[in-house]
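Enquirer: These are the residues of each chain, in order.
Number of protein chains: 2
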Amino acid sequence: MTAVANELDMKGAAAKAASRRMATLSSAVKDQALHAIADALLENQDEILAANGADCNEADANGLGEHMLDRLRITPGRLAGYAADVRAVAALPDPVGEVLESRRMPNGLQIGRRRVPLGVIGTIFESRPNVTVDIASLCLKSGNAVILRGGKEAIRSNTVLTRIVREAAAGAGVPVEAIQFIESTDRALVGEMLKLRDVIDLMVPRGNADLIRRVYAEATMPVVAGGVGVCHTYVDSSADLTMAREIVVNAKCRRYSICNALDTVLIDAAIAPTHLPAIGRALGARGVELRCEPRARDLLEAAGVPCVPAGPDDFGYEFLALIAAVKVVDGLDGALAHITDYGSGHSEAIVTESYTRAQRFLDEVDAAAVFVNASTQFTDGAQFGLGAEVGISTQKMHARGPLGLRELTSYKWVIYGDGQIRPE
Amino acid sequence: MTAVANELDMKGAAAKAASRRMATLSSAVKDQALHAIADALLENQDEILAANGADCNEADANGLGEHMLDRLRITPGRLAGYAADVRAVAALPDPVGEVLESRRMPNGLQIGRRRVPLGVIGTIFESRPNVTVDIASLCLKSGNAVILRGGKEAIRSNTVLTRIVREAAAGAGVPVEAIQFIESTDRALVGEMLKLRDVIDLMVPRGNADLIRRVYAEATMPVVAGGVGVCHTYVDSSADLTMAREIVVNAKCRRYSICNALDTVLIDAAIAPTHLPAIGRALGARGVELRCEPRARDLLEAAGVPCVPAGPDDFGYEFLALIAAVKVVDGLDGALAHITDYGSGHSEAIVTESYTRAQRFLDEVDAAAVFVNASTQFTDGAQFGLGAEVGISTQKMHARGPLGLRELTSYKWVIYGDGQIRPE
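In order, the protein sequences belong to chains P and A. Per this note's numbering, the first sequence starts with residue 2, numbered consecutively. Per this note's numbering, the second sequence starts with residue 2, numbered consecutively.
Extracted from the complex, chain P is given alone in its bound form (with noise of 0.2 Å):
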C-alpha cells in the first residue's frame, strides 16, 4: 500500500467511525463547539498569518496570478470575516432530528421521517483557505463527519486551520476523528479518494470545471456540485424599461465572476427597437462588452451603441467576465426555445409585466431558480434563507439550488408501535 493510500484509508476509517457518534450529538455541544471554533481563530491570529504568508510567498515566488494569489490571501478582516462565518453557522437551527412529517395509521402505528446527517462528507477543493473552515463548520453542524482535501498552494494555511478547528471542536466535545484533513498534496490522492464509496458518502468539490468535471467523471459516490451557470434574463414585450435595466445590469455588474451572473440577454422583438439601445447604453457604461446576433446589432448600431457580433460559441457559454451575449427573440416562445437548448439548468429571470407569461416562465422552464423581476444573482443560501451553504446544484437529485444544513441530511422512517404485524 503507498503512503498515499495509507494515509487515507485511516483517516477514511477513522471518519466513518466517528459518523456514528456525529449523529447523536446534542445541538448545543454542536454549537459550543462552533464558537469555539470561532475563538480559537482569532486568538490563534498570528500563526494562521505567518502560515498563509508562507504560502502567499511561495505561490507568488511561483508565478500564481494575482487574482489566484488574491484568493489565497487571508488577512485579519478575512480571518474575522471566517470567525463570524461560523459563528452564523451556529446561530441556524439544527437540521438533525426534525420530524419531517409523522401519522398514525388505522393499525396504529405511528410512522414518520426524522431527518439525520448523511454519514461522511468528503470535499475537494482549491485554493481559498475559508473554504476549509466554511465545509467543516456545515458538516459538523449537520452532525456529518468530513474528509477535506485541499490545494498544495494552501497547504500551510489549510493545515494550521484544520489543527485549530480540530484542537477547538474536541475540546468542545466533539469526537476529533470527525474532521479530518488530508496532508498529502500527491495528485494521485484525487483519485483515491473518489474510489472510497465504502467511506464517503457524498462528495462536494468546490473548485473549477475542470475540477468538478473530473469528479463526477471519476467518483464512484454520489456528488453533489455546481457546474456551469449559464444564466438568461428575458425582457417581455410587457416589460417596465427601468426596471428591465436596473436587474440586467444587477444581474451582469454586481459580480461577474460568480455562477449566478448573467451571460445573455434575451428580448422581445417588439420591444427591442425602444429598449435594447436604453439597456445597451447601460451595460457598455458598466463596462460589458456586448456581443450580438444580427438583430441586436443592427439595433443597437443604429443608436450608436457599441457592440460586436456574436460568435457561434457566445450563446450557451459562461462568461465569467464583463461579456454579455444579446438576442432579439421572438416573443416568450422564442425565449423559452433559447433557454431550453442553451440554459444550465442553474438561475433564469423574466422581467414583465404580464401575468399569464410570468406564470409560463416559471412553470416551463426548467432551473435551479426561475425568477419574476428580480436579479439572478439573488441565486445564494444566505438570500434564500437557508443561512451559508456549501455550493449551487444544478442537479435535480437530492437538493436543487443552494446547499446548505438541510441538503447535508437525509433522513431514516421511524415507527413506533406496540406489537403490530402485517396481516398473512
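A portion of the hints provided could be inaccurate.
Copies of the same chain look alike in the list, so a pair counts if it works inside one copy or between any two.
To be verified - With a straight-line Cα cutoff of 25 Å, these simulated SDA-like cross-link-like pairs (lysine to any residue) come out:
1. Lys17 to His339
2. Lys17 to Val229
3. Lys153 to Gly332
4. Lys196 to Leu321
5. Lys17 to Ala218
6. Lys17 to Gly317
7. Lys196 to Leu43
8. Lys17 to Asp314
9. Lys17 to Ile272
10. Lys12 to Thr160
11. Lys12 to Tyr343
12. Lys196 to Asp342
13. Lys12 to Gln396
14. Lys17 to Gly285
15. Lys12 to Pro176
16. Lys17 to Thr341
17. Lys12 to Glu365
18. Lys196 to Tyr343
19. Lys153 to Arg129
20. Lys196 to Ala210
21. Lys153 to Pro310
22. Lys153 to Asn63
23. Lys12 to Val30
No lab work stands behind these hints, which were simulated from the structure alone.
Start from chain P and add chain A according to the hints.
Expert: Chain A alone, transformed into the frame defined by chain P:
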C-alpha cells in the same frame, strides 16, 4: 450506428422532448389517462392473455422454473389487479406543483420551492409484466416521461401492454412519446441505455441483485434502487415474550422472499434462556431452519429445538428463504454493534418495553426504517401511506425507504419579485 442504438436514441430523444410537456400536464388530464388505461386493460383482456400465454409457453419450453413462470403469468384476476392499481395511483394526490415552502424575505422577494418532475425515468426490469403498468402509471402521475426495458421472456406481454397503455394515455391527452418501450431484447441494449446520461434523469432498476449491481456499476446517471435487505430483529431483555415471538415469526414468515423479511434474530443473553426456545420453536413450527452461533445453539439444543450451526456467511446474509440466523448478544450494545457490522441499512427492529433502549435503538441504528415493537414487513410504500412504490431505496441520497410519487420528483426555486436587485 447499430439498430439497437438507433431505436434507443430515437426513443430517448422523443421521451426527452415529451418530458417538457409532461411537466405542465394538469392533474385532471393525468387522472383521466390513468382511468382510461385501467379501462383499456380490462377491455383488451383477451389480447393480453393471448400474448402472455405465448410468452409462458415459450418460457416453459425453454425450461424456465415454476417460480419464474408464476411471476410471468397474467390471469384475469391479476389483470383486474393491475387495473385496480392504476386507479389507486389516480386516486393519490398529484405531487407536481406542491409548494414545499415559500416565504417573504425582508427585501420583498417571495422565495419558495415548488415540486417538479425529474424529467425522464429509465427502468430496466425482469419478468413480471405488472411492473410495466406500475411504473408507467407512477411516472405518468408524477409528470415524468419513462423509457421501459423489460425482460426478453415477457416481450410479447410487455409489447401489448405498453401499446394499450400508450393508446389509452394518448386518447386522454397525454403526449404518447412520454411512454417509450424498448422492443429490442438485445442484451447490448442495457449497456447502451446506461450511457444515456443526457436523456435519462434517473434510472430505477427492478430485478435481482445481479441486475442491480450491474446498473450501479455501469450507469452514468443517478440510480435509485433497493439493494440487499439484511434485516434484524433484536429481542431486548425487557421484551414481552408473546409480542416478540409474534413479531419475529411475522417478520420471517409472512413472506420470506421479499427484502423486508427478517434474516437474523438477535436476543439479549439475559433473557435468551427463557425466551429463545419459545421463539425458536415457533419459527420451527413454520418450517424455518435456524442457523445459530454457539450460545444460541446450546440453548436451543438444551430445549430440544432443532437447529444447525451457523456458517461463516450466515450473518449479514439475505436468505430470501425459510432460514433465519440466530445470535445471542450482550445487551443493546451487542445488538447495535452487530447491526452496524452486518446490517444493509434496510429495516431493523427492536422488541422492548424499555423506553430508553427503544430511543437509543431509533437514534443509533442507521437504516432506511427503524421499528420499535413491530414487524419489519411493514416497510412498504402502501403501509407507510405513500400509495404505490417503484421500489425501496437503501441509499441515503435523494430518497430513502419506499419510493413513491414524491420520490420521482425534484423541486425548483421560484422567486417572485417586483424589481429587486442585489446591493453591490
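Enquirer: Next, verify each hint and record whether it holds.
Expert: Comparing the hints with the structure gives:
1. Lys17 to His339: Classified as between: cross-chain Cα gap 16 Å, same-chain 46 Å, threshold 25 Å.
2. Lys17 to Val229: between (31 Å within a copy, 21 Å between copies)
3. Lys153 to Gly332: Neither. Shortest intra-copy (50 Å) and inter-copy (48 Å) distances fail the 25 Å Cα cut-off.
4. Lys196 to Leu321: neither (32 Å within a copy, 31 Å between copies)
5. Lys17 to Ala218: both (24 Å within a copy, 23 Å between copies)
6. Lys17 to Gly317: between (41 Å within a copy, 19 Å between copies)
7. Lys196 to Leu43: Neither. Shortest intra-copy (37 Å) and inter-copy (50 Å) distances fail the 25 Å Cα cut-off.
8. Lys17 to Asp314: between (45 Å within a copy, 24 Å between copies)
9. Lys17 to Ile272: neither (59 Å within a copy, 33 Å between copies)
10. Lys12 to Thr160: within (15 Å within a copy, 52 Å between copies)
11. Lys12 to Tyr343: between (42 Å within a copy, 22 Å between copies)
12. Lys196 to Asp342: The answer is between: 21 Å across copies meets 25 Å, while 34 Å in one copy does not.
13. Lys12 to Gln396: between (29 Å within a copy, 23 Å between copies)
14. Lys17 to Gly285: neither (53 Å within a copy, 39 Å between copies)
15. Lys12 to Pro176: Close inside one copy (13 Å), not across copies (52 Å); limit 25 Å.
16. Lys17 to Thr341: between (41 Å within a copy, 11 Å between copies)
17. Lys12 to Glu365: between (46 Å within a copy, 22 Å between copies)
18. Lys196 to Tyr343: For Lys196 and Tyr343, only the inter-copy Cα distance (22 Å) is at most 25 Å; the intra-copy one is 33 Å.
19. Lys153 to Arg129: The answer is within: 11 Å in one copy meets 25 Å, while 54 Å across copies does not.
20. Lys196 to Ala210: both (20 Å within a copy, 22 Å between copies)
21. Lys153 to Pro310: Answer is neither: 41 Å inside a copy and 55 Å across each miss the 25 Å cutoff.
22. Lys153 to Asn63: Within one copy only: 12 Å inside, 61 Å across.
23. Lys12 to Val30: within (23 Å within a copy, 54 Å between copies)
Figure legend: structure checked against the earlier numbered hints; hints not met, in rising order: 3, 4, 7, 9, 14, 21.
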